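So you can see what is in the structure, the chains are spelled out below.
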Amino acid sequence: MQFRIVKKPEISQKQYIMILLTAIVLALITSGLFILILGLNPFYVYSAMIKGAFGSTYRLEQTVVKAIPLIIVSLGIAIAFKMKFWNIGAEGQIVVGALFASYIALNYGEAPRALLLVAMLGAGFLGGSLWGLIPAFFKARWGTNEVIVTLMMNYIALKWVTYLQYGPWKDSASMGFPKIANFTQNAILPKLLGVHIGWVIALILTAFVFIFMNYSKKGFEIAVLGESSNTARYAGINISRTILFSMLLSGGIAGLAGMIQASAVSNTLSVEISGGVGYTAIITAWLAALKPPWIIVVSVLFAAMVQGSSFVQTAFGISAASALVIQALILFFVLGSDFFTKYKIAFSSELLAHGKETKK
Amino acid sequence: MNTVLVIAFLKAAVIAGTPLLFATLGEIMTERAGNLNLGVEGMMLMGAVMGFQVGYSTSNPLLALIAAALAGGAGALIFAFLTVSLRSNQVVSGLALTIFGTGFAGFVGQGLVGLKLSEKFSAGFLKIKLPLLGDIPALGEIFFNHDILVYIGYLTAIILGLYLYNTRNGLNLRAVGENPAAADAASVRVTRYKYLHILLGGALCGIGGAYLSLVYVPVWQENITAGRGWIAVALVIFSSWNPYKAVFGAFLFGGLDIIGFRLQGTGIVISQYIFAMIPYLVTIIILVVVSFKKDRKNAPPKSLGEPYFREER
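As given, the protein sequences belong to chains P and Z, one line each in that order.
Position one of the first sequence corresponds to residue 6 (this note's numbering), numbered consecutively onward.
Position one of the second sequence corresponds to residue 39 (this note's numbering), numbered consecutively onward.
Hints may be right or wrong, so weigh each one.
In silico PhoX-like cross-links for lysine-lysine, where the CA-CA straight-line distance does not exceed 25 Å [stated by the list, open to error]:
no. : chain 1 : residue 1 : chain 2 : residue 2
1   : Z       : 154       : P       : 89
2   : P       : 19        : P       : 222
3   : P       : 349       : P       : 13
4   : P       : 89        : Z       : 331
5   : Z       : 283       : Z       : 331
6   : P       : 89        : P       : 175
If the Cβ cut is set under 8 Å, some of the chain Z residues that face chain P in the computed set are [what the hints assert, rightly or not]:
no. : residue
7   : 44
8   : 45
9   : 129
10  : 268
11  : 318
12  : 321
Derived by calculation from the structure, the hints in this document are not laboratory data.
Note that the structure is predicted; figures quoted are calculated from it, not measured.
By construction, the Cβ of each residue, glycine as well, lies at the ideal position given by its N, Cα and C atoms.
Sequences and hints are given; from them, build the entire structure.
This is the structure in structure tokens:
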């Protein structure tokens with residue numbers, strides 16, 4: 006049978022959501038088969054995951070704690086990706102943000118709490134934006150491939166923290182164990198409704214990024230540049246400055262997440278501070294179509310998956326890496342599903358009927 | 039430093055560079071077809087874990103390598119289907135593949151952590167000194183006294199170079215990467231070329247990963263590739279999509295990878311963690327240098343990253 010691919014007219018929001026849901030269901034079925042191969046009942050595993058993520062107040066809180074950095078970092082990534090600047094360096098930006106904030110926390114730990122925390126947030130933003138500006142500068146100046154540079158910066162950031170952890174910043178009170186000293190009470194973010202206050206910061210940032218992307222001139226320029234650099238040039242947009250500014254924001258926001266993780270979650274700086282959030286956030290940002298409100302939804306679901314899979318790990322002995330596999334499968338299917346929102350496959354009989362339509 | 043130490047260091051650089059060489063050659067093949075597959079790290083991990091799993095359970099080096107190539111190829115198949123057939127965004131598809139590969143390796147490898155391959159297996163990768171070539175002073179020891187995979191690496195680079203620059207099919211492949219519409223008009227089967235070379239490229243990445251788990255380490259450890267897949271992506275740019283230059287780049291980075299460890303014994307007091315930054319730092323510097331001297335000969339394939347859609351030409 007002959008077939009060819011033809012463009013679809015614009016589809017409605019409802020059709021779009023249907024295609025998206027189909028993709029997610031197919032991804033879950035595929036992961037289900039994967040679980041089945043392991044000799045487990047996928048329904049048990051899935052329901053255990055849901056229980057593990059939402060089954061008790063404690064678990065729910067843990068899910069929220071895991072969602073907070075994901076939301077914040079996804080927001081940062083969305084700004085860069087909107088410009089088609091492939092910032093794969095959020096991981097490093099988180100780490101350097103945490104590093105800068107930790108410097109303040111470790112040296113001025115006795116400062117008044119509010120002042121200290123604000124200084125740490127500022128330092129976190131500064132560190133992340135610095136780490137984001139370096140590849141942005143190379144890209145703006147010489148067109149250097151940002152994918153690789155941002156990625157290499159991740160490794161450099163991690164090695165740097167490792168160096169500090171094993172060397173100059175090693176806690177002398179830890180009896181030789183390579184760890185950095187814990188923060189003072191003043192350097193730890195307070196809790197609100199059972200979860201550290203990072204969730205409020207995440208919500209504020211979501212609103213900020215939403216307004217910035219949709220209602221500000223700079224946000225508009227970023228979107229235009231992402232569509233086409235030629236259009237941007239004709240429209241008189243300063244491309245270099247736009248790249249630098251958006252990466253300052255993108256990296257800075259990731260740096261804030263680093264500060265929050267260091268302050269509220271681990272109470273110190275370590276190489277595990279980010280734990281892959283910088284990469285997972287790429288998936289969540291993309292799945293949310295770079296739209297801030299959706300970023301919250303997708304991030305909470307992904308956090309639930311991570312929290313749920315760590316529960317499943319103890320209950321069924323499945324590796325926590327299973328969460329990564331399921332996440333990647335969902336991304337594969339959603340990426341693939343995009344095709345069906347833009348194109349359709351026309352078989353030969355249909356082609357004859359719509360001959361005129363496809364020729365134009 | 040004396041000569042013996044230098045020779046030993048350069049020899050070790052070749053070994054450390056071999057996984058990079060396979061992955062770089064694989065990615066060159068992929069990008070020559072116009073597809074930017076950022077899943078190298080993922081495919082290497084898939085190859086590494088499947089190679090180790092099969093090597094551990096069968097003690098058969100050949101089967102292990104085949105498993106690794108198939109695993110890398112399977113990862114590439116997902117990427118090819120998404121980007122060639124479904125025209126998905128190549129950057130995000132590649133990243134998704136890396137995440138998938140990392141999860142897959144963590145998953146399959148959870149029972150393998152710390153296990154060691156049998157001596158019978160490792161006997162398949164003993165050093166073989168090549169006749170004649172191996173007797174050249176210094177160079178013989180550095181380049182021609184290695185296990186068989188290192189030689190296969192050299193051969194792959196030469197074969198890929200000859201294929202790209204001296205055969206009809208290689209010319210077609212380059213045409214597909216430069217201008218798929220023109221290649222299509224000249225009745226080159228664009229989709230077939232893309233699929234085939236993406237798959238073969240993935241298989242090479244799988245073998246590169248397997249070199250780490252089967253020969254270089256050879257104990258299974260989580261995240262065994264440690265970012266080498268990404269360095270390979272950068273090496274493709276460094277070698278300006280040329281397989282011969284890739285050999286040089288891979289060994290250079292192999293050297294950078296081990297220099298910190300090697301200098302430990304020589305009394306130089308710089309933390310090994312600072313040295314561990316060097317390959318990544320040098321990658322950035324090289325990319326920046328390459329990017330400000332742009333010329334046509336060293337330019338990437340023109341359609342790199344763009345999906346090809348016949349109806350839109």
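With 8 Å as the cut and Cβ atoms as the points, is residue 45 (chain Z) at the interface with chain P? The hint is violated - residue 45 (chain Z) has no Cβ within 8 Å of chain P, the shortest such distance being about 28 Å.
Once the shortest beta carbon distance from residue 129 (chain Z) to chain P is found, is it less than 8 Å? Since chain P brings a Cβ to about 5 Å from residue 129 (chain Z), closer than 8 Å, the hint holds.
Agreement of hint residue 321 (chain Z) with chain P interface, Cβ distance less than 8 Å: holds, 5 Å
Verify the interface restraint on residue 318 (chain Z): the C-beta must sit less than 8 Å from at least one C-beta of chain P. holds, 4 Å
Would the hint linking residue 283 (chain Z) and residue 331 (chain Z) be met if the CA-CA limit is 25 Å? With Cα atoms ~17 Å apart, residue 283 (chain Z) and residue 331 (chain Z) stay inside 25 Å; holds.
So, residue 44 (chain Z) near chain P? Judge it on the closest CB pair being under 8 Å. This hint is violated: residue 44 (chain Z) lies away from chain P, its Cβ roughly 26 Å from the closest one there, beyond 8 Å.
Straight-line Cα separation of residue 89 (chain P) and residue 175 (chain P) no greater than 25 Å? violated, 40 Å
The hint names residue 268 (chain Z) as touching chain P; please verify it with the least Cβ-Cβ distance against 8 Å. holds, 5 Å
Satisfaction of hint between residue 89 (chain P) and residue 154 (chain Z), Cα-Cα up to 25 Å: violated, 44 Å
Please work out if residue 349 (chain P) and residue 13 (chain P) have their alpha carbons no farther apart than 25 Å. Measuring from Cα to Cα gives roughly 6 Å; hence the hint holds.
Residue 19 (chain P) and residue 222 (chain P): Cα distance at most 25 Å? Violated, because 30 Å separates the two Cα atoms, which is more than 25 Å.
Is the hinted pair residue 89 (chain P) and residue 331 (chain Z) satisfied, with a Cα-Cα distance of at most 25 Å? Within the cut-off at roughly 23 Å; holds.
Violation of the numbered hints given earlier is confined to hints 1, 2, 6, 7 and 8; the remaining hints are satisfied by the structure.
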